[in-house]
Every structure is written in structure tokens, then in C-alpha cells.
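Protein chains: 2
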Amino acid sequence: MSNEEIFVATALGVWKSTYQRADKFFSSLSEVELQKQVAPGKNRLIYLLGHLTALHDRTFALLGFGERSHPELDAIFVTTPDQASELPSLDAVWAAWSDVNGRLNEAMAKLTVTDWLAKHTAVSDEDFAKEPLRNRFSILVTRTNHLSYHLGQVALVPK
Amino acid sequence: MSNEEIFVATALGVWKSTYQRADKFFSSLSEVELQKQVAPGKNRLIYLLGHLTALHDRTFALLGFGERSHPELDAIFVTTPDQASELPSLDAVWAAWSDVNGRLNEAMAKLTVTDWLAKHTAVSDEDFAKEPLRNRFSILVTRTNHLSYHLGQVALVPK
Numbered sequence: 001m002s003n004e005e006i007f008v009a010t011a012l013g014v015w016k017s018t019y020q021r022a023d024k025f026f027s028s029l030s031e032v033e034l035q036k037q038v039a040p041g042k043n044r045l046i047y048l049l050g051h052l053t054a055l056h057d058r059t060f061a062l063l064g065f066g067e068r069s070h071p072e073l074d075a076i077f078v079t080t081p082d083q084a085s086e087l088p089s090l091d092a093v094w095a096a097w098s099d100v101n102g103r104l105n106e107a108m109a110k111l112t113v114t115d116w117l118a119k120h121t122a123v124s125d126e127d128f129a130k131e132p133l134r135n136r137f138s139i140l141v142t143r144t145n146h147l148s149y150h151l152g153q154v155a156l157v158p159k
Numbered sequence: 001m002s003n004e005e006i007f008v009a010t011a012l013g014v015w016k017s018t019y020q021r022a023d024k025f026f027s028s029l030s031e032v033e034l035q036k037q038v039a040p041g042k043n044r045l046i047y048l049l050g051h052l053t054a055l056h057d058r059t060f061a062l063l064g065f066g067e068r069s070h071p072e073l074d075a076i077f078v079t080t081p082d083q084a085s086e087l088p089s090l091d092a093v094w095a096a097w098s099d100v101n102g103r104l105n106e107a108m109a110k111l112t113v114t115d116w117l118a119k120h121t122a123v124s125d126e127d128f129a130k131e132p133l134r135n136r137f138s139i140l141v142t143r144t145n146h147l148s149y150h151l152g153q154v155a156l157v158p159k
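Going down the list, the protein sequences come from chains L and R.
Quick note, the first sequence lines up with residues 1 to 159 if you use our numbering.
Quick note, the second sequence lines up with residues 1 to 159 if you use our numbering.
Do not rely on the hints blindly, as some may be mistaken.
Given that identical chains are not distinguished, each listed pair holds provided it fits within a single copy or across any two copies.
[As the list claims (entries may be wrong)] No more than 25 Å apart at the CA atoms, straight line, and that leaves these computed lysine to any residue pairs for SDA-like:
#, residue 1, residue 2
1, Lys24, Glu106
2, Lys16, Ala122
3, Lys16, Glu67
4, Lys16, Glu131
5, Lys159, Thr80
6, Lys119, Arg134
None of these hints come from the bench; they were simulated from the model.
Every value quoted in this text rests on a predicted model; they were computed, and no experiment measured them.
Construct all of the structure, not just a fragment, from the sequences and the given hints.
Encoded structure:
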């Protein structure tokens, strides 16, 4: 591996292990357990599962992999708080989680070092010329941290 | 910047912004607020401040910067849960937080690309030859995620 490939493999490895922890955690919960809140008056686990699905779907587009597949999730899980909307069925949320993360992980695995250093889709060519850190790699690192942020919360729920 | 430097600068930038969020959050709290728990029966904020200080102090040694300065924190904030030990004074925890993070951030800023790809101190030369991802850069990425994990928890505390 080249030095550049080691940097990518290291960060991608942390993404993968963090994603696997989340997948394992949520998969272990019953429908009743998914209704629990992470703290009194705070988000329910099912809301966070949908929230992470929506954010990972946005990430797919942000990394330039094409159109996202579930934009309808944003109105329920991103732009409005928990308890404000009627949620989709649990089966529908699970299907979206599997679909979104499957597509995202598959596409990420194919990127080369040069691809990771290219700009993400929310920055213009002009701005990227001045700010080379607004690259796809930064999205990988920040999205991993976003996932860790919510993993810290879901870990608080009593078994 | 070389490609390698961009990878390092991107991950280091995420570390810095995550650290600054934590520092700003904890600095905004009164002594009474620091006694609040992140959820019923879970860690108090003051415990998490000490826990993060201890972990960042360990990170200093793990990155090969020298002896850690506050090993005594582990028995209170890492190997035993909250409420099991008498805590140091708030002034002492704050002094350790500032000292540890100041030294860590200063030392991190001096590392070259080659330094980041070198092994961390908890892996042997022999194992590192087989597993080049056990490098200092992996410590940077995982420690940033550890901080994000607890930031997600402290964000749950009602103001």
C-alpha cells in the first residue's frame, strides 16, 4: 500500500467498524425497545435509526455517487424533531437502512485515493480551489463522527 | 500541500473542531451544572470531563510524545465508574484538562506525514510490519470519534 492508501484505509476502517457497531446495536432491538428514548424527552431509538439512514442517504449524493434513494426521509427524520411526524413502518425504516448503507458502503469501497481527494458535491469548483480540505475524505471523517455522536446516545438506553 | 498532507490536515481539522466544541461546552457550565447526569443513573458531566482528560493524556503517550502527565486520573475516571471514587476538586480537573489538551494539541501540530504513518506505542515492531494500519493516524481518527461519542451524550443534558 502507498502512504496515501494507508490514510484512506485507516479512515475507512474506522467508518466500517463504527457502522458495524451501529448495525449490530439496532439489529439487536425489538420493536418495543426501538420506542425507547435515549433520555427523558429526547429522541427515540427508531427516530435515530431513521435519522442516520437519512444522513447516510445524503452522504451518498454528497460523495458524488448519484441521486439519493430516500429523500422523503428528511422531512420526518432531519428537518423535524421526533414526535412531530407519523413515522413510516419499522419494516420500511429497516429496508431503507439496509438499502442506503449497502449502496453507500459498496460505492465507498470503489473510490481511489484521487477520488477521495476530489471535491464533494456541495462545494463549487471555485471554492474548492481555495479550500482543498472540502474534499470527499472530509465527508468520510465527519460522517463517521456523526455516527459516533449518536452511538454515544443510544448506549445510554437501559437494556 | 501534498496529497498526504491534505489527508492529515483534513483529519486533524476534524479533531480540532471536535475538541473546540467539547472545550466550549464544558467551559460554559457552572459547578452545579457539572454535577448533572447525561441520563438518569448515567455518568455526570464532571466525570466525563475527567474521563476525556484521562483518555487524552493516554493518547499523548500512545502517540509517542513522552510520559503522560496525569496517570492518577485513570483509577478515578477510566477503570472505575462514576460515583465509585471521590473526585478531585473541580479546579484540579480543569487544570488537568487544560494541561493535557494543550500539550497534546501542540505535539500533534508538529507531526509530519511520515510521523503520522509510524506505529503508535502500543504495537510492537513485528506486529506493525504485518498491520500498517495500527499507525498514529488511526489513533487520531479513533480518539476524535471517542470524543464525538461523549459529545453526543453531554448534548442530552437539559440546560
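Tested hints:
1. Lys24 with Glu106: So Lys24 and Glu106 pass the 25 Å test inside one copy only (18 Å; across, 37 Å).
2. Lys16 with Ala122: both (24 Å within a copy, 22 Å between copies)
3. Lys16 with Glu67: within (22 Å within a copy, 32 Å between copies)
4. Lys16 with Glu131: The answer is between: 17 Å across copies meets 25 Å, while 27 Å in one copy does not.
5. Lys159 with Thr80: Between. Shortest inter-copy distance 21 Å satisfies the 25 Å Cα cut-off; intra-copy 27 Å does not.
6. Lys119 with Arg134: Classified as within; 6 Å inside a copy, 28 Å across copies.
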